[in-house]
Amino acid sequence: MSLDEAETDESEGDEQPLVPSQRVQNTPPSGIRRFFELAEEMDDVISLGVGEPDFTAPWNAREAAITSLERGQTSYTANRGMRELRERIAADAERWDLSYDPDEEVIVTAGASEAIDAAFRALVDPGDTVAVAQPCYVSYEPGVRFAGGEVLPVPTRAADEFKLTPEVLDDAGAEAADLLVYCFPNNPTGATMSVEELAPVAEFCKANDIGVLSDEIYADLTYEGDHASIAALPGMRERTVVFNGFSKAYAMTGLRLGYAMGPPGAIEAINRVHQYAMLSAPTTAQYAAIEALESCADEVAEMRRQYDRRRQFVLSRFAEMGVECFEATGAFYVFPEVPDPWEDASTFAEELLEAESVAMVPGDAFGAGGDGHLRASYATGLDDLKEAMHRLERFVEGAA
Amino acid sequence: MSDQSDDAAADGGQDETEARAELLDLLCENARYSTEDLARMTGLDTDAVESVIADLESAGVVQGYAAVVDWDRAEDVTDAEHVHALVELNVTLDRETGYEDIADRLAQFPEVQALRLVSGDYDFALEVEEASMSKVSRFISEKVAPVPEITQTVTHYVMDTYKEAGHRFEESGDDDRLSVTP
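Order-wise, the sequence lines are chains Y and R. So in our numbering, spot 159 of the first sequence is number 159, and the numbers just go up one at a time. So in our numbering, spot 29 of the second sequence is number 29, and the numbers just go up one at a time.
You may find that some hints are simply not true.
[Claimed, not checked] Covered, in the sense of this in silico footprint (three residues per stretch, anywhere, with C-beta under 8 Å from a C-beta of chain R), are these stretches of chain Y:
#1 26-39
#2 46-52
#3 135-141
#4 312-324
These are computed hints drawn from the structure, not numbers from a lab. Backbone N, C-alpha and C define an ideal beta-carbon position, used for all residues, glycine too.
Next up, chain Y with everything else stripped away, as it sits in the complex (with noise of 0.2 Å):
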C-alpha cells in the first residue's frame, strides 16, 4: 500500500487494525508485575521476590554450550529436540521411576514454560474445563485462557500443608473439569507431595476421566523425603504428562530449556504446537543440557544443599520472630502468613518494602488460596538473607 493509499484509508475511519483479543483483554497483568515495578523504583533492595537460582549454571554445562558455539553448532535441532539429550532425559526420569521412549514419549522445549503453554493450545479445546492448583506458578490461568479453556480454581488449604487432597478437589467441583494441572514441589508455597499423598489425587482424576498435567520443575530441589511423580502411579502414565526442565535445577533459567514427557498422542500434540510456534528449542541450551546430565550431578546436590541450609535458617528465623510459616519441604520458597496487625498482603509487602527495602511477593498473585500469605524466596546468599530476616523483625517488632 503506498503512503497516500494509507492516509486515505486511515481518514475514512476510526478503525484500529491492532486491537487485542477478548482473550488477551480480559486478562489481567501479573500480580508479580506491578510488584516487579514498585520495587524497581528504589535502590538497594533486598529481593526476597526472586523466583531462580543465584547460583550460576556449572561449568561444565557452560563450556559444553561455548564448545558448541565455536563448532558452529547454531542450526535447527529436530522439533522434538536433539535425539541424545532425549535419550539423557529419559534416562534421568527413571531417578523418579518414570519411563518413557525418547523417540515418542519425550519433547524438549524452550523452557518448562513453553511446555505448559504448547500442552494446554494441544490439549484444551474452547470451553475445556481446566482445574487449576493454587496458589500456583502465575502462568497456568492465563495460558488457559488463551488456549480458549475455562479455569476452575481449586484452592489447596494451609490446614492441608497446600497438599492436593480428594476433599480439596471436590469441594472445588473439580469432578467435572477435563484436565488437572499443578506444580509440586510447590511455587510459591514450597510444599511438597509424596507418593501415599499423591495416591488419592490420582484415584480421584482416574475416576472422573481427568488428565493431569504435572509440573516437576522442583524435583530436583525435594529437601524431605524423595520427590514423586505422579505419572508412576497404576494407570496414571497414560493420562499424565510431566513437565520439568534445566532452569531450577541446574541454574539455568536464561538458557531457557525444558522438556515435557507423556503418553505418545499428548506428546504428539504438543509437539505439533511447538513445531509451528518454536520450531526448535535453542541449539546450544540443548548441548549444554547434555553435559548438564551427563556430569553436573555433584553441583546439583551442593546447590540443593545450600539451598537446604537457607531453608532451615529462614524457617527458624520466622519462628524465632513468631510469624506463623508453613514448613516448605522444596523449590526455593517459603510462604509465611501476614502476620498482625496486617490485614491484606498486599499492604503489608507495600510497606515492608518502602519500610526497609526488602521484596516479598503478596501470596494472591499466585491464584486463590495464596491471600494472607507471601512469598519468600530462599534463592539469595546468606548474607543478604540474614540482613532480610533482621529487617523484617524490626520491622514485624515495631508494628507489635
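Assemble the complex: chain Y is given as a structure, and chain R must be docked to it using the hints.
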C-alpha cells in the same frame, strides 16, 4: 525440623557423623558463622553445635580459623605489604633423614605459610609470605637452601591471585537478576 536435629545431636552414630560433616563444611565456607546461625542452618540446637565444634577442635580436625584476604585490595586500606611465593624443593634422603625430618625443620620457620609433600617433578611445595620480594629471596637463600638435604629450590613469585580457598577474587557480587520474577 528442630525435633529432627535434636535427635541428630542425641542419637550419635550416623546422625552425629552427618552433623560433624555438615558443620565442617559450613566452617570451611565461613568460619565466622555464629553459633546461632549454624544452629538455624543445620537444625541442631546451639548446645549441640558448640559441642560438635569443641570435639572437632580437641580432636585436631579443626586446626584453626583464618580469613581469606585479597591482598591486592588490602593495599587501599592498609600499608602492609604481602609478597607470596611458591617454592619447589627437591631433597635427597639418607638413612637418618626422612621427609618428616625435613618437613619438621622447614615448618618451624614463621615465613612458611604452607608446606606439602607432593608427587611429581619435585618433593615439597612450600608457600612463603613476606613483606617484599627481597625478603622472600633472602629467606630462601639463607634459610631454606642451606638445609643439607635440599638439593634444589625453584621460586615462583605470585603475580596475581584469582581464586583462594574456594573464593573467586574480583567478582562484583552484584545481583543482576530482576528483583521480582515468577
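Hints versus structure:
Check on the segment 26-39 of chain Y: 5 of its residues sit with their Cβ under 8 Å from a Cβ of chain R, so the three-residue criterion for coverage holds. Here's how the segment 46-52 of chain Y fares: 5 of its residues keep a CB closer than 8 Å to some CB of chain R, so the rule of at least three is met and the hint holds. Residues of the segment 135-141 of chain Y lying with their CB closer than 8 Å to a CB of chain R number 3, which satisfies the three-residue condition for coverage. A stretch counts as covered by a chain when three or more of its residues have a beta carbon under 8 Å from one of that chain; for the segment 312-324 of chain Y and chain R the count is 5, and the coverage holds.
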